[in-house]
Amino acid sequence: MVAPRRRGDVGPRACAARKTCRLRPGAATQVRRPPPRHHPSVNLNRRRRGLGSSSRRDACNVTDSIRELQGGSTTTGVASHAEIGIFPFRVLDKTRTADVGGKGANLGELVRAGLAVPDGFVVGSATYDAFLDATGVRSAMDDIARTLNVDDGAALQAAADRLRALVTGAALPAAISAPIVQAYRALESDSSPALVAVRSSATSEDSAQTSFAGMFESFLNVAGDDALLQAVRDCWASGFSARILFYRAKQGLQVAPAIAVVVQRMVQSDKSGVIFSVDPASRNRDHMIIEAAWGLGEVVVLGQVTPDRYVVQKSTRRVLQQVAGHKAFLLERDRATGQNVRVSLDGDHRQMQLVLEEDELGQLIEMALRAEAHYGAPQDMEFAIERGKAFLVQARPITTLALGNVGVDSVAPAGSYASPAVVVAPHSTELLVRGLGASPGIGSGRARVIARATDSASLLDGEVLVAAMTSPDWVPVMRRAAAIVTDAGGMTSHAAIVSRELGIPCVVGTGKATTTLRTGAEITVDGTAGTIHAGFTPNTPEPESARRGRGALAATTAAAERPVTATKVYVNLADPLHAAEIAARDVDGVGLLRAEFMLLSALGNTHPRVLIRDGRGDEFVSRMAAELRTIASAFAPRPVIYRATDFRTNEFRSLSGGEDFEPHEENPMIGYRGCFRYTREPDLFALELEALAQVRRDCPNLHLMIPFVRTLSELRTCKALVDKSPLGAAPGLQLWVMAEVPSVVYWLPEYAKLGISGVSIGSNDLTQLMLGLDRDNAVVAPLFDERDPAVLDAVHRIVSTCRDLGLTCSICGQAPSVHPEYVDRLVEWGIDSISVNPDVIERTRHNVAAAERRLLLDAARRDRKPKVHGD
Numbered sequence: 001m002v003a004p005r006r007r008g009d010v011g012p013r014a015c016a017a018r019k020t021c022r023l024r025p026g027a028a029t030q031v032r033r034p035p036p037r038h039h040p041s042v043n044l045n046r047r048r049r050g051l052g053s054s055s056r057r058d059a060c061n062v063t064d065s066i067r068e069l070q071g072g073s074t075t076t077g078v079a080s081h082a083e084i085g086i087f088p089f090r091v092l093d094k095t096r097t098a099d100v101g102g103k104g105a106n107l108g109e110l111v112r113a114g115l116a117v118p119d120g121f122v123v124g125s126a127t128y129d130a131f132l133d134a135t136g137v138r139s140a141m142d143d144i145a146r147t148l149n150v151d152d153g154a155a156l157q158a159a160a161d162r163l164r165a166l167v168t169g170a171a172l173p174a175a176i177s178a179p180i181v182q183a184y185r186a187l188e189s190d191s192s193p194a195l196v197a198v199r200s201s202a203t204s205e206d207s208a209q210t211s212f213a214g215m216f217e218s219f220l221n222v223a224g225d226d227a228l229l230q231a232v233r234d235c236w237a238s239g240f241s242a243r244i245l246f247y248r249a250k251q252g253l254q255v256a257p258a259i260a261v262v263v264q265r266m267v268q269s270d271k272s273g274v275i276f277s278v279d280p281a282s283r284n285r286d287h288m289i290i291e292a293a294w295g296l297g298e299v300v301v302l303g304q305v306t307p308d309r310y311v312v313q314k315s316t317r318r319v320l321q322q323v324a325g326h327k328a329f330l331l332e333r334d335r336a337t338g339q340n341v342r343v344s345l346d347g348d349h350r351q352m353q354l355v356l357e358e359d360e361l362g363q364l365i366e367m368a369l370r371a372e373a374h375y376g377a378p379q380d381m382e383f384a385i386e387r388g389k390a391f392l393v394q395a396r397p398i399t400t401l402a403l404g405n406v407g408v409d410s411v412a413p414a415g416s417y418a419s420p421a422v423v424v425a426p427h428s429t430e431l432l433v434r435g436l437g438a439s440p441g442i443g444s445g446r447a448r449v450i451a452r453a454t455d456s457a458s459l460l461d462g463e464v465l466v467a468a469m470t471s472p473d474w475v476p477v478m479r480r481a482a483a484i485v486t487d488a489g490g491m492t493s494h495a496a497i498v499s500r501e502l503g504i505p506c507v508v509g510t511g512k513a514t515t516t517l518r519t520g521a522e523i524t525v526d527g528t529a530g531t532i533h534a535g536f537t538p539n540t541p542e543p544e545s546a547r548r549g550r551g552a553l554a555a556t557t558a559a560a561e562r563p564v565t566a567t568k569v570y571v572n573l574a575d576p577l578h579a580a581e582i583a584a585r586d587v588d589g590v591g592l593l594r595a596e597f598m599l600l601s602a603l604g605n606t607h608p609r610v611l612i613r614d615g616r617g618d619e620f621v622s623r624m625a626a627e628l629r630t631i632a633s634a635f636a637p638r639p640v641i642y643r644a645t646d647f648r649t650n651e652f653r654s655l656s657g658g659e660d661f662e663p664h665e666e667n668p669m670i671g672y673r674g675c676f677r678y679t680r681e682p683d684l685f686a687l688e689l690e691a692l693a694q695v696r697r698d699c700p701n702l703h704l705m706i707p708f709v710r711t712l713s714e715l716r717t718c719k720a721l722v723d724k725s726p727l728g729a730a731p732g733l734q735l736w737v738m739a740e741v742p743s744v745v746y747w748l749p750e751y752a753k754l755g756i757s758g759v760s761i762g763s764n765d766l767t768q769l770m771l772g773l774d775r776d777n778a779v780v781a782p783l784f785d786e787r788d789p790a791v792l793d794a795v796h797r798i799v800s801t802c803r804d805l806g807l808t809c810s811i812c813g814q815a816p817s818v819h820p821e822y823v824d825r826l827v828e829w830g831i832d833s834i835s836v837n838p839d840v841i842e843r844t845r846h847n848v849a850a851a852e853r854r855l856l857l858d859a860a861r862r863d864r865k866p867k868v869h870g871d
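With this note's numbering, the residue at position 561 of the sequence shown is 561, and numbering never jumps.
Just so you know, not all the hints are guaranteed correct.
Stated by the list, open to error - Here are the simulated lysine-lysine pairs, DSSO-like style, with alpha carbons at most 27 Å apart: (1) Lys314 x Lys94; (2) Lys389 x Lys314; (3) Lys753 x Lys719; (4) Lys753 x Lys724; (5) Lys568 x Lys753.
Just so you know, the hints here were simulated from the structure itself, not pulled from any lab data. All values reported here derive from a predicted model rather than from experimental measurement.
Work out the full structure, taking the sequences as your base and the hints as a guide.
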């Protein structure tokens, strides 16, 4: 540990007591002996903001040493104004991120919070800058960067190799190496060199806005001066992998990142792993996830083994579930060679044995809760346990939560496990990418990275679709995929919603899938856990006949056990392919039948204006009618509410020929779409109405819903178009409107006078428009929350107004599917039906039944008269 300088400490004796250094002219670059201890240590980094006086005193700065070595000149190449800092953990906090990176700053925060953290220090990013200048590496980097094309894969890799070689091959000036060695030797507890972990701490690596975590290299069990200095240079060089160069270029960042290096005493861990203070897959705020394995923690962080998994209910500290992972080997230090070695666990009882003891679990739970409370935000932490004592060795924000709000349980009700269940996880291979599990299930296939929907022909049936994100024009290709993986998006993104409806495993919000996964690679996507592993799952896919038979049996069993509810449970549907199977389940009808997916199939991915121009309108009508009839007949006589086409202009433009007809809009979400578009292009709307009219002749349970209604005047014009069409003449037609635009709260009484029959609340768009945000924008996505008081108030007003006006009221947004507690409020307010995704039909039915029972019980208690003594 580098001691602080006290005022008046001068001369060799005082400096020797503080273990500080003055460098000698001609000192070796690779320091092998303790340098003379007679240089006063003080940080002169006064130009950087956020430097407190105490941290200035506590950091070891060698600016004066450099000047003294140079005799007042700068001939050695190290700038005389270089500010080279060595920072003990205890002087750091988040205000020092610019100097020591996210990892270093977070370690300081953990120390300040009183948590057990192995001792260490950070080599500041200014040291790295001084190294680049002193060795001439920076000018060489600039030359490479000027001609670098990151979209040329071969050139990118060649540039990365050259940059790394420049860093690792340059000699460290003594003025830089000596302070590092000095701080390292302060960690020694006896005569032997300290064992340390050396990790990069880029200033943008572990922030909530960037996704560099895991891209930089770490080095464990480093011992000795030379090994330490080489590890420091290797950490610096790790900032120049092809992946990081590509990512930084796309983020508009400089080629040479500011890299600090953390040097931390090694915990000789018997056990180690990671902690997520919020479940990153379900985003359940009350669930903590702990993953643990034997030996060093790199095997867990890098996904080299399947660790044990513990689900903890934070509010009660109760372990809800324990899953024993397949721990094929452990990583430990070989005492003879000092190297990290793999030790096979084949045949070892520890392979399938749970790693953590009850006391160790308790320590980790308390540490994680304290860390989360200290930061005021969910944390992703790494831990190590040595002889029963737990340490935190790293903490950073859980970046995947930035892609969606942190919800309550979206998988199963909290406390649904009576006691910790021990389950053996299947064997798994290398973890490639982790994201947000958006649609449950496991799918295997060869990866196919696709940049745009127009390239969809390259996806073969059964391959895994990997894309930055998806939109409605991707649906045809999504149907062919065994699984879907995207860089961006949350639980309410297009890819997530469509995947759940199509029953396809999906992981969203990976941040780097398109740059990490390679076309042709064999991968397995776990849509429940939010992970993508290398290789195919060992489980043989179940035959379709067996799956259908099992589904029918499950439906029969569910019907026998079905709770009776006054509130109807509808399903959101998009694809005729699974209509019969879903219709056999415990569902009262289709509350939202999306037009877009069937429309794309009927159009053949061609803009409808092209069909009209070519005289092929009748062809579209017959195709669309066939798709509609499949669904309406499967659910008859239960109602099917068809939502008319609600493509946005950017989605229409992506269709073949679309650029000739569609305007370019900066914000299509609030642009030319929905009801208003029908009034401006009645000929297109007429084709859709004709298809509906044909189906209603045989299936009178099919009804029409108008989306994105903004004003009374546009709805009046749109209804006139419906009334004049063959569909309008059909008896018993119900005309619904979507409640997505906040103005609906004001206009509902007038809409009722026009003769509408029902209202369906689109909580996704309503939330965005109420809060003024774009849910697909990762920067503002954390604000997206259907449970915001303003949104809840609007939903409450819509439901209450519909009851007063005698209109049927439903909800078809994601809120009831993702947040089960939403159901309680809707039932209490008197909503008529709730429409959810197929994967939560049965759970929603039970939630509705429970909510209705509570209402009846509360009413009975209110009506019960108190007994009078003597009655």
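These are the hints, each one checked on the structure:
no.: 1; hint: Lys314 x Lys94; in the structure: holds (26 Å)
no.: 2; hint: Lys389 x Lys314; in the structure: holds (21 Å)
no.: 3; hint: Lys753 x Lys719; in the structure: holds (12 Å)
no.: 4; hint: Lys753 x Lys724; in the structure: holds (18 Å)
no.: 5; hint: Lys568 x Lys753; in the structure: holds (25 Å)
The structure shown violates none of the earlier numbered hints.
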